[in-house]
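Going down the list, the protein sequences come from chains A and B. Sequential numbering of the first sequence, starting at 1, is according to UniProt numbering. Sequential numbering of the second sequence, starting at 1, is according to UniProt numbering.
A hint or two may mislead.
Since copy identity is lost for identical chains, a pair holds within one copy or between any two.
Said to hold, decoys possible - The calculated SDA-like cross-link candidates involving lysine to any residue, where the alpha carbons are at most 25 angstroms apart (straight line), are: (1) LYS37 / GLU149; (2) LYS120 / ALA217; (3) LYS194 / ALA163; (4) LYS194 / ARG170; (5) LYS150 / ARG181; (6) LYS152 / ASP58; (7) LYS152 / ALA122; (8) LYS150 / ALA59; (9) LYS152 / GLN48; (10) LYS137 / THR115; (11) LYS152 / ALA59; (12) LYS120 / ASN41.
Derived by calculation from the structure, the hints in this document are not laboratory data.
Here is what each chain is made of, one letter per residue.
Number of protein chains: 2
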Amino acid sequence: MASTHLLSAFDEELQYLMRRISEMGGMAEQMVADSVKALVNTDAALAQKVISDDVVMDAAELDIGEKAVIVIARRQPVAADLREIIGALRIASDLERVGDMGKNNAKRVMAVQGTGVPRKLARGLEHLSELALLQLKEVLDVYSTRSAEKAKSIRDRDEEIDAMYTSLFRELLTYMMEDPRNITTCTHLLFCAKNIERVGDHATNIAETIYYMTTGAPPEGERPKEDLTSSFGAEE
Amino acid sequence: MASTHLLSAFDEELQYLMRRISEMGGMAEQMVADSVKALVNTDAALAQKVISDDVVMDAAELDIGEKAVIVIARRQPVAADLREIIGALRIASDLERVGDMGKNNAKRVMAVQGTGVPRKLARGLEHLSELALLQLKEVLDVYSTRSAEKAKSIRDRDEEIDAMYTSLFRELLTYMMEDPRNITTCTHLLFCAKNIERVGDHATNIAETIYYMTTGAPPEGERPKEDLTSSFGAEE
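Take the sequences, apply the hints, and build the full model.
Given below as structure tokens:
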């Protein structure tokens, strides 16, 4: 484990990677939460902030990648120490993509500005993002504690988010069918809902990476399904 | 460069990673092409094949990840050799996600079965996927030749795909507005179009990774925009 060796410079380098990842995690959460707030309130200024934050996230991922390569080259770590660094690279990539989901939502704020977001759909989006962000928050906590068991249990319970996404997807289709004037806005909200659902997928990826970092193996068993809506409408 | 050192066992290990990535690349292309064929012809058997292929892709990515960690631990490479392996990890991850895009399209075949895909939209999807797959094919060729300049030029010309995606997006909205009975099918086709557009994004990611592997630096200059439709409807 990282804590048992005496190379303190190496420890400091690992600590640096962990700190950068925590920062990225906090920012990713904030971006997704802000993007939903911006959508629901059609707040263009907040949307613009989220879009700017994405530049910081991209730079952070690049920095973690560069530092990781330098640490591997300098310290030539093996086993758990090496997995620690490879894991940091993977987690940084997932967090960068969570930020992208926030940015993509934020870019759709302008598109829904004209009609606004119907209250019921807004509540659905908020609830979906609360669930996805809770999962992300928990997985980032597990990153600090490195509990393989906890990582596995998070990975195994993406279902609630999927069920909520499916119900929101259905509701959006209904709105579109009721009035063609809702179609443009609802199409953008469909993509927003999908983006939020993917935040949950990235949290699951991170849980799998933590499991691998801790145990050296991928988690066993089939991963739960990501998207139940893909066959929705099949019976119609 | 990988070719200048004498450690032939290491060379063989690098060759193994490159071969595995080429295989993943070929399979990813096939999956996306087949998924579009399955959609256009509502061919459930072909869709099922694509969905099964995804298991092979997941296993290939895991294998590359495991082998990469073993090679780093055993050979403790630095500089270009280390970037070669870190790059292989990143490319495998992008190719795995290209496969996911194919799988996601394939899963929507059932959903559009009832109505089928209108001929004009089918042509649009086919054309979009031809462009995206051409870009992926070219980037995989660049992976063999390692031309940093060529990698940069691929990265800089995602615009054609984006323009075509935007026009298809617009057409799908029109279909939905014309007749609410088109909404369910067109919603799934919207996600399919987005999946195909993202194949182009992954090709761009791979081009950036090759540039980094070859030069040790990320490409300079702003990356072209990925999705022009996010503000579509803003003026309505």
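Checklist entry - How would you classify LYS152 and GLN48 at a CA-CA limit of 25 angstroms: within, between, both, or neither? => result For LYS152 and GLN48, the Cα distance exceeds 25 angstroms both inside one copy (36 angstroms) and across copies (29 angstroms).
Item to check | Homo-oligomer pair classification [ARG181, LYS150; C-alpha up to 25 angstroms] | outcome: For LYS150 and ARG181, neither the intra-copy (46 angstroms) nor the inter-copy (45 angstroms) Cα distance is at most 25 angstroms.
Checklist entry - For the identical chains here, do LYS194 and ALA163 meet the 25 angstroms Cα criterion within one copy, between copies, both, or neither? => result Both: 12 angstroms inside a chain and 22 angstroms across chains, each within 25 angstroms.
Item to check | Alpha-carbon proximity context of LYS150 and ALA59, limit 25 angstroms | outcome: between (30 angstroms within a copy, 24 angstroms between copies)
Next on the checklist: Within a copy, between copies, both or neither: which one fits LYS120 and ASN41 at a CA-CA cutoff of 25 angstroms?
Outcome noted: within (13 angstroms within a copy, 37 angstroms between copies)
Checklist entry - For LYS37 vs GLU149, is the C-alpha pair at or below 25 angstroms within one copy, between two copies, both, or neither? => result neither (34 angstroms within a copy, 42 angstroms between copies)
Next on the checklist: Reference check for the pair LYS137 and THR115, CA-CA at most 25 angstroms: within, between, both, or neither?
Outcome noted: Neither: 32 angstroms inside a chain and 42 angstroms across chains, both beyond 25 angstroms.
Item to check | Within, between, both or neither: LYS194, ARG170 at alpha-carbon 25 angstroms | outcome: both (12 angstroms within a copy, 19 angstroms between copies)
Checklist entry - For LYS120 vs ALA217, is the C-alpha pair at or below 25 angstroms within one copy, between two copies, both, or neither? => result neither (43 angstroms within a copy, 47 angstroms between copies)
Item to check | Intra- versus inter-copy proximity for ALA122 and LYS152 (alpha-carbon distance at most 25 angstroms) | outcome: neither (32 angstroms within a copy, 41 angstroms between copies)
Checklist entry - Quick one: LYS152 to ASP58, C-alpha cut-off 25 angstroms, is that within a copy, between copies, both, or neither? => result Cα proximity of LYS152 and ASP58: across copies only (18 angstroms, versus 28 angstroms in one copy).
Item to check | Within, between, both or neither, where LYS152 and ALA59 count as close if Cα-Cα is 25 angstroms or less | outcome: between (30 angstroms within a copy, 19 angstroms between copies)
The structure is inconsistent with the numbered hints 1, 2, 5, 7, 9 and 10, although it conforms to all the rest.
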